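Chemist: These protein sequence lines are chains X and D, in that order. In terms of the working numbering, the first sequence is residues 15 to 285. In terms of the working numbering, the second sequence is residues 193 to 424.
Don't read these hints as lab results, they were simulated from the structure. Nothing here was measured: the structure is a model prediction, and the numbers come from that model. All C-beta atoms in this analysis are idealised placements derived from N, C-alpha and C, irrespective of residue type, glycine included. Hints are not guaranteed to be accurate.
Said to hold, decoys possible - Have a look at the derived ranges for each label pair, beta carbon to beta carbon:
| no. | chain 1 | residue 1 | chain 2 | residue 2 | range |
| --- | --- | --- | --- | --- | --- |
| 1 | D | Pro279 | X | Lys21 | 12 to 20 Å |
| 2 | X | Leu261 | D | Tyr206 | 57 to 65 Å |
| 3 | X | Ser226 | D | Tyr206 | 30 to 38 Å |
To be verified - Listed below are the simulated DSS-like cross-link pairs for lysine-lysine, each with C-alpha atoms no more than 30 Å apart in a straight line:
| no. | chain 1 | residue 1 | chain 2 | residue 2 |
| --- | --- | --- | --- | --- |
| 4 | D | Lys318 | X | Lys29 |
| 5 | D | Lys282 | X | Lys25 |
| 6 | D | Lys247 | X | Lys18 |
| 7 | D | Lys259 | X | Lys281 |
| 8 | D | Lys412 | X | Lys25 |
| 9 | D | Lys322 | D | Lys259 |
| 10 | X | Lys281 | X | Lys54 |
| 11 | X | Lys21 | D | Lys318 |
| 12 | D | Lys259 | X | Lys21 |
| 13 | D | Lys412 | X | Lys18 |
| 14 | D | Lys209 | X | Lys25 |
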Amino acid sequence: MLGKLMKYEWKASWKLLLPANLVIVCLSVMTWIANDVAEKSLFSEDRVDGLMSGIFILIMMLSYALSVITVFVGGYIYLLWRFYTSTYGDQGYLLHTLPVDKHHIIVAKALVSAFWILVMTLVIYMSAWLVFGGDTKDFFGELFGGHWYLPIYVGREELNVFTAIMAIVAAVAGVFAKIMQVAASASLGQLSANHKVLASFGFYIAFNALRSMLQGMISVLIFMIADDGEGILNGLTWRYSWEPALLLGLLYSAGFYLITWHVMEHKLNLE
Amino acid sequence: MAPIVQCMGLTKNYGRKTALNSIYLNLERGRIIGLLGPNGSGKTTLIKIMNGLLKPTAGEILIGGIKPGVEAKFHISYLPERTYLQPHMKVMEIVEYFRDFYPDFQPERAYDMLARLQIQPYERLKNLSKGMKEKVQLILVMSRDADLYVLDEPIAGVDPASRDYILHTVVANYNRNATILLSTHLISDVENILDEVVFIRQGSILLQAGAEQIRRNEGKSVDQFFREVFAC
Numbered sequence: 015m016l017g018k019l020m021k022y023e024w025k026a027s028w029k030l031l032l033p034a035n036l037v038i039v040c041l042s043v044m045t046w047i048a049n050d051v052a053e054k055s056l057f058s059e060d061r062v063d064g065l066m067s068g069i070f071i072l073i074m075m076l077s078y079a080l081s082v083i084t085v086f087v088g089g090y091i092y093l094l095w096r097f098y099t100s101t102y103g104d105q106g107y108l109l110h111t112l113p114v115d116k117h118h119i120i121v122a123k124a125l126v127s128a129f130w131i132l133v134m135t136l137v138i139y140m141s142a143w144l145v146f147g148g149d150t151k152d153f154f155g156e157l158f159g160g161h162w163y164l165p166i167y168v169g170r171e172e173l174n175v176f177t178a179i180m181a182i183v184a185a186v187a188g189v190f191a192k193i194m195q196v197a198a199s200a201s202l203g204q205l206s207a208n209h210k211v212l213a214s215f216g217f218y219i220a221f222n223a224l225r226s227m228l229q230g231m232i233s234v235l236i237f238m239i240a241d242d243g244e245g246i247l248n249g250l251t252w253r254y255s256w257e258p259a260l261l262l263g264l265l266y267s268a269g270f271y272l273i274t275w276h277v278m279e280h281k282l283n284l285e
Numbered sequence: 193m194a195p196i197v198q199c200m201g202l203t204k205n206y207g208r209k210t211a212l213n214s215i216y217l218n219l220e221r222g223r224i225i226g227l228l229g230p231n232g233s234g235k236t237t238l239i240k241i242m243n244g245l246l247k248p249t250a251g252e253i254l255i256g257g258i259k260p261g262v263e264a265k266f267h268i269s270y271l272p273e274r275t276y277l278q279p280h281m282k283v284m285e286i287v288e289y290f291r292d293f294y295p296d297f298q299p300e301r302a303y304d305m306l307a308r309l310q311i312q313p314y315e316r317l318k319n320l321s322k323g324m325k326e327k328v329q330l331i332l333v334m335s336r337d338a339d340l341y342v343l344d345e346p347i348a349g350v351d352p353a354s355r356d357y358i359l360h361t362v363v364a365n366y367n368r369n370a371t372i373l374l375s376t377h378l379i380s381d382v383e384n385i386l387d388e389v390v391f392i393r394q395g396s397i398l399l400q401a402g403a404e405q406i407r408r409n410e411g412k413s414v415d416q417f418f419r420e421v422f423a424c
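Bound-form chain X, shown alone (with noise of 0.2 Å):
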């Protein structure tokens, strides 16, 4: 059954996702030539046209990046959406109804969420590259070379292909967690008997504080047994290894997992 609910979640998300990601390549290209044109009077001697070149590079990136935020957070508000009308919604009295595991509900819409974000941050990524001037003939190389995982990276000594591929993989427990706290947060919003979509995002920003308490309570636990610069340093930093942020990813997405899983099998609550 997973298998077919997958099937369906896609089905439901890529008539919207996939013309979205089209537009933020179509829009990359674009200004990418756009603005390679442009350059080339940009310095010209000609005063008046330098200048509207200039300009015009100027709007070009300024609705570029206006466009990539709105399909980006479009994107992700439409997730979001789509997860709580399907599963708390009129729809979900068809979705819960049917002769499925739970499990196989969150999973398959887990799933496929976390495939979409990837997908949209991966295009948002190269088209970036792309349109600010990164060579694209070496993507791949500076891809596992060390530049976009360098959130996730600071403290360490070494660059190498293994921690690259840590780091990825820790961003995509990351993005779990995420998915799953927007589940756990709809699931027990659905519990109030008034203002469900406030109580779920009342419960997002709970969690929110209550991740940031933790991670705050773990630094200054290292900041106490730190006794050197270095150790006040990983108090600051520990963070953004991959080891800590594939841990938290983790623990993040079972703990979330678990409570939207009990809400739905023990509380659900279609008023």
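Once you have looked at the hints, place chain D on chain X.
Modeler: Same frame as chain X, now just chain D:
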């Protein structure tokens, strides 16, 4: 064989409000049963608990001898009082969806009923009127060979011609060994097809009796008797 539905002390509270108050109820197989009561009497709550969409506060419910869960859902075909289909789907896609998930779904029966309503398989649900969507939903539910059909207010808010169509579809297509539980407050429209009635008021079962038995003992139609019992 165990009754298709058994409720034992079934209670549901919404905060301080009691929606179902320790209900004891057995529904036998092969009957068309009307779950009759005014708005807010607990009909939908009882139906949702049968389908696992709500959890009881106390007590127990068994469907064919088992608790509501994955196994029980193979046996129940449920029509809620709202549209639960994804509007972007085509009619044939939703037929495929039902065929994928319910082993007892009969697509030929569904397509036959859809053709009679002149609904094209490639039409998107969002392009159908509300009434047509409800009929598509009913067709899907009645195209299963389930043991229990649970229809929540299937004729509420529809015109008399559509009511006839809905009732005809229900009676013509259900599995004869199955039970139909049909909730409504429009008694006169359904009275002729009912074998048995359950009166429910303020979360309590007031009466469970055969429709013919009421007519014989009370000397009036079920509709008239209902109006007397529930007179404000």
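Chemist: Does the Cβ-Cβ separation between Ser226(X) and Tyr206(D) fall within 30 to 38 Å?
Modeler: holds (35 Å)
Chemist: Take a quick look at whether Lys259(D) and Lys21(X) sit within 30 Å of each other, Cα to Cα.
Modeler: holds (29 Å)
Chemist: Lys282(D) and Lys25(X) were given as a pair; does the straight-line alpha-carbon distance stay at or below 30 Å?
Modeler: Roughly 12 Å between the alpha carbons, so the hint for Lys282(D) and Lys25(X) holds.
Chemist: With the threshold set at 30 Å, check whether the alpha-carbon distance from Lys412(D) to Lys18(X) stays at or below it.
Modeler: Roughly 52 Å separates the two Cα atoms, so the pair is violated.
Chemist: Between Lys21(X) and Lys318(D), is the straight-line Cα distance small enough, at 30 Å or below?
Modeler: This hinted pair holds, its Cα atoms lying about 21 Å apart.
Chemist: Are Lys281(X) and Lys54(X) close enough, with their CA atoms no more than 30 Å apart?
Modeler: It is violated: about 64 Å lies between the C-alpha atoms, which goes past 30 Å.
Chemist: Can you confirm whether the C-alpha distance between Lys318(D) and Lys29(X) stays at or below 30 Å?
Modeler: With Cα atoms ~15 Å apart, Lys318(D) and Lys29(X) stay inside 30 Å; holds.
Chemist: For the range 12 to 20 Å, tell me whether the beta carbons of Pro279(D) and Lys21(X) fit it or not.
Modeler: Check passed, 19 Å falls within 12 to 20 Å.
Chemist: Under the criterion that the straight-line Cα-Cα distance not exceed 30 Å, is the pair Lys259(D), Lys281(X) satisfied?
Modeler: The hint holds at about 15 Å.
Chemist: Falls inside 57 to 65 Å, the C-beta gap from Leu261(X) to Tyr206(D)?
Modeler: Taking Cβ atoms as reference, Leu261(X) and Tyr206(D) lie about 41 Å apart, which means the hint is violated.
Chemist: Would you check the hint for Lys209(D) and Lys25(X), treating anything up to 30 Å between C-alpha atoms as holding?
Modeler: Distance of about 41 Å is beyond 30 Å: violated.
Chemist: Taken at face value, is the distance from the CA of Lys259(D) to the CA of Lys322(D) at most 30 Å?
Modeler: violated (34 Å)
Of the numbered hints listed earlier, those contradicted by the structure are 2, 8, 9, 10, 13 and 14.
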